[in-house]
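Here's the letter readout for the chains.
Number of protein chains: 2
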Amino acid sequence: MLDALFKPKAVALIGASTKELSIGNVIIRNLQHYGYTGEIYPVNAKASEVCGLKSYATLTEIPGEIDLAHIIIPAQFVPQAMEECGQKGVKAVIINSAGFSEMGDEGARLQEEFLATARKYGIRVFGPNCQGIINSDPELNAYCNFTFTFPKPGSISVVALSGGVGALIMQVLDDLDIGQRLYASNGNACDVSIPEIIEYYGQDEGTNAIILYTEGFDKPREFLEVAREVTKKKPVLAMKSGRTEQGAKAASSHTGSLAGVDIATELIFEKVGVLPFHDEGEIVRAAMAFSSQPIPTGNRVGIITNTGGPAVIATDVLVDFDLDVPKLCEASIAKLRETQLPQAALENPIDVVATAGGPQFRAALDVMLDDDQIDCIYINFVTAPFTDTDAVAREIVEVSRQRRKPLVCNFMTNMKLERYQKTAAIMKEGEVPCYANPGDAARALGALVKYGRIQQRDIGQPQIFSDTKADMAKEIIEAARQAGREVLSAYEVYRIFEAYGIQVAPWQVVSNAGQAVAAASEIGYPVVVKVDCAEIDHKSDMGGVAINLKDAEAVRSTVVEMQQRLGTYGELGFLVQKFMPGGKELIIGASAERELGHLVMFGLGGIYVEVLKDVIFKVAPVTRVEAEEMLAGIKTAALLDGVRGEAGIDKQAVIEVIQRVSQLLGDLPMIQEMDLNPLMAFENSLFAVDGRIRI
Amino acid sequence: MLDALFKPKAVALIGASTKELSIGNVIIRNLQHYGYTGEIYPVNAKASEVCGLKSYATLTEIPGEIDLAHIIIPAQFVPQAMEECGQKGVKAVIINSAGFSEMGDEGARLQEEFLATARKYGIRVFGPNCQGIINSDPELNAYCNFTFTFPKPGSISVVALSGGVGALIMQVLDDLDIGQRLYASNGNACDVSIPEIIEYYGQDEGTNAIILYTEGFDKPREFLEVAREVTKKKPVLAMKSGRTEQGAKAASSHTGSLAGVDIATELIFEKVGVLPFHDEGEIVRAAMAFSSQPIPTGNRVGIITNTGGPAVIATDVLVDFDLDVPKLCEASIAKLRETQLPQAALENPIDVVATAGGPQFRAALDVMLDDDQIDCIYINFVTAPFTDTDAVAREIVEVSRQRRKPLVCNFMTNMKLERYQKTAAIMKEGEVPCYANPGDAARALGALVKYGRIQQRDIGQPQIFSDTKADMAKEIIEAARQAGREVLSAYEVYRIFEAYGIQVAPWQVVSNAGQAVAAASEIGYPVVVKVDCAEIDHKSDMGGVAINLKDAEAVRSTVVEMQQRLGTYGELGFLVQKFMPGGKELIIGASAERELGHLVMFGLGGIYVEVLKDVIFKVAPVTRVEAEEMLAGIKTAALLDGVRGEAGIDKQAVIEVIQRVSQLLGDLPMIQEMDLNPLMAFENSLFAVDGRIRI
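Each protein sequence line maps, in turn, to chains X and H. Going by the working numbering, 309 is the number at position 305 of the first sequence; the sequence numbering is gapless. Going by the working numbering, 242 is the number at position 238 of the second sequence; the sequence numbering is gapless.
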């Protein structure tokens, strides 16, 4: 448990400093400023007092017990300090100092050294090269951090890989006057990990929503398992940056991790129901809505506006988020007709017009609450100079407090003017999520609706096919491994596919022209002949594939010609296979991701994958629901159903093969890359006609 | 000229009111509050004084001349008030009152009535159903508007179709402490139009940049012509909402215009070099960068950061905007090695680390200024508690003031703390464009770079092909028109195409099987036979097309069969045409847009247009550069060059046909819809094989 870290009764500062603006000084001042209710023990041999507190020459001199120690001294002294912490019985340390694994080998060695000591004593280590934690619980007020934002108590907890982004999120939440609960940014994360912190937030009763910023995970599987459980209890709003190659490079330079765009993290978010964001402002503004509003049960929004254009902008953005702006029912319109001003537009958006006061706004709100066609409410409220804006604000607050349907408000005003400050104060006290422009408000509501959809989505459990032959497949792979081969032969690949019930276009392996002709006549013409040789990896490019061979002579001459031309590469085998033209080319692929398991890919083959990159990935194991989402998710999904008079393909068969591939990958984790490319899909059948496995 | 409107020496208020919060009161208070230097004449028969000013019973009693009159009385009295304005010699009126064309027929009649009077007297009318104007010129301080934001003087002028959005833009600019010059929101725009206002802003010496918000234009051609000229002199930043069908519907409900998603406006933006935005926050934040920074000449950005994560986020967003984050040259890295702290990352992003002070920031900035690989600078500046943040701010300001390369700053701080307020004040006084998070700062810089690219783009003049036969085409269309036909026959369509030098697959029109066989043998097999009959519009669906007919017998039997089956529809003709398989299907289309002229569309045919909607539009006339952009702009552009061993197509021929189509449309404005679908494109040739023209 991380209570010693997040709920310390006493904090020591190894490296406390009398020098203003130094970290060893700032953290003590922050603890004092925030009103920390525990003991603060500066450790500094040269000073008798730091920030008005008695200073100790060493940890051992400190009279009381210490839950948590900050270590703020140069890296080379940290191992010794850790030893002293161990002897003193410190339960957790925050190492703010830098100069460890992020700085090369010597730093990594130091990190290993203090970590070994910490493990010996059972000390949990937070950091190094990090900010620290904050716990806003008014009973504690622990500000073990050198940042400069002092959040008011609330229910949103933040964890950030980057201290800079963490501090930014904390600041923007504070600017929006949103309370916060726990905060953590753990830098190199050599021991206490982000998944562990999320798990802790999940158990923390004061936390109602979690904001996560990351640039990827060292242990994605650990995150997946934790997040899967936490999202059942509370919303996790997350942003992963390093989306672009250059962004990933920038991330690797400051975390010391490997470069390369990581798509797995966002796929994990999707799998476990984390709400993903691409903008740091948006995540915080969404959190404001989450902190006071219920989750909508549908996507139908009622818009109330006292100004035209902002309703148009909001509608555009809401529609971008897949919200619907339905017509109101007749009863609703009748009620509006009774209650609204003559110039009002009694549609959705309801334009109550700029001269509308509290009664008109309230009547429109009540209509939206009562109309079964409406799941959530968007409000544009400009503080028109000729209305009682306070009265309008009070009505919005009252409706928001009912928590019958979630609402957000684009509140457009001039905060320099006293009369509108009062209106704003009413909205703020009433915890109405207010935004300064329509786009921001609409995106926040969009996030709520998206989360509602995520909550309702149940991907189910992976299906287990009992007709598979895992042992046989393992034997094939083990034999290849022992032979020192990374790339399996076509024979091996097809046998493995068949072991998992994946239908392969009829095939036989032969070693000469005569056998080839016999095989072809058994399979039935036309056939394909492919060279099968461990030394020839890209057989197409080498002229090792001949398609649509229609008779025995064609097969014979092809094999003979290949033997002559390619025989020098090694012993040649040949694969004779049924030629299957006229189907749709599909591709299913898989790749192993460090520590996570496999990603599975689906797409249409040929130009669709090559030119349009029109593919969908999922983290294995893939459930039926996820397989269905893969088919529905490609941009060219309509082609699977057939267009321009063409027949569609057997989608159920594809969905099953995706699941069988997923099971195969689970049984055979040593597979590094695999693809079925192409799979030929017909109206009532599906065949793998080529494949590749690398172990 | 609109000087009477924007530079009034005296303003009368017809409908001045003693009632607080009424529009007739608020406008007078706003004029007073803003320090209007001209005369204010309240007109109110019942009061002797309004807001401390002498009130007049009628306009005629006013002693002085009146440039501008607000009309704030109920709609039915406006025509009479206009008559009085005419008699008094008022030059311009702002009609704030609503109840005109936006409210149905009776309102439209009233609008026509006062407009006729205005024309009689040469009065320019602004509105009705509008806010008004603001001119921040300190010599004038004209606040002829009922809004509540009082902008400080500056160089950005705003014009907005929606008063709500206009007020929002003004407010957000003011919140960002950005000065403004002129403001206008003209509601129903029955006389003074948005294009006219933009033209006026273009001529206004105090205006350096223009922000436009619209939901479309009544007279798009007028806007196009005006904006084309204004963008040569100053940047126009524009947002058009109603992008989605539901958004367009919301727009039509408050403007009273027709619904329907209008894509033409954004195409005009592109054609004339207006910088487009989809977010109202983004446009204003970009304006902040435009107001103090030079336009970058390239897209290579140097990033300086004192915190890791925000640099990753910024990099992602900058890359989204097609910015490049190049490596620094060796000399730059050497200079950094001398000047930066040991923990600094000497790459791009340069991470000066959190402990960096003024000298480190300045040295990094100088490196970016001197490195020829860098066109613009992005800065993350978090006010780390252990540095002299004021010194950092001063260095950033100094570099910004040099105006050598544009820069933006993501300035992350806590404005509640006094010491950082001081740092912020230094940045603000130094006119450094500062943003509260990395995404916002990166998008603002992205907009600057995008505008630099727009400035450098020269679409050239439309090419005129002299081998065309406009008269012949006009005659064909005139004949069809006189025959009462809207849809042209295949014969007519092909003749028109050929009149414009667009090659059609060899064809002949015949009326019976014998002629068809003769034609086919002349054209050469295989051929296509299509029924050609005015009564049969969708000939494919009717079984009126037979392809790949390989011999005389096939042609004969096809014609006979069609005669039997389709003869009841009317007199049948037949088109015999060369069958041209194996090419790439392209589509070129055109549609007439109300008042604007034609939009021209290009895409790959078949599933690409049907399923992927992968098409590009341009406003005619289309220049060579624009035609090239059309080919390059489709998502499947790679297919035109050939993929998977296929040959590419003759792109130059396509580019020429697009231009010929454009010339055709210019000569034949009566064409409502036209398509060449498909055009069959081969490696060295291009043929229209079907087409349609509706007049």
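Check before you lean on any hint, since a few could be wrong.
Pairs count within a copy or across copies, as identical chains cannot be separated in the list.
Stated by the list, open to error - Below 30 Å or equal to it, Euclidean Cα-Cα: the simulated DSSO-like pairs (lysine-lysine) are:
# : residue 1 : residue 2
1 : LYS92     : LYS543
2 : LYS554    : LYS95
3 : LYS339    : LYS156
4 : LYS253    : LYS554
5 : LYS420    : LYS156
6 : LYS639    : LYS275
7 : LYS617    : LYS331
8 : LYS617    : LYS639
Hints are computed from structural coordinates only; laboratory data are not their basis.
Against the structure, the hints:
1. LYS92 - LYS543: For LYS92 and LYS543, the Cα distance exceeds 30 Å both inside one copy (67 Å) and across copies (91 Å).
2. LYS554 - LYS95: Intra 77 Å, inter 89 Å, cutoff 30 Å: neither.
3. LYS339 - LYS156: Neither way: LYS339 and LYS156 sit 42 Å apart in one copy and 44 Å across, limit 30 Å.
4. LYS253 - LYS554: neither (52 Å within a copy, 60 Å between copies)
5. LYS420 - LYS156: Answer is both: 24 Å inside a copy and 13 Å across each meet the 30 Å cutoff.
6. LYS639 - LYS275: Close inside one copy (20 Å) and across copies (29 Å); limit 30 Å.
7. LYS617 - LYS331: This pair counts as between: shortest inter-copy Cα distance 28 Å, intra-copy 38 Å.
8. LYS617 - LYS639: Answer is both: 10 Å inside a copy and 10 Å across each meet the 30 Å cutoff.
Consistency with the previously given hints fails for numbers 1, 2, 3, 4, ordered from lowest to highest.
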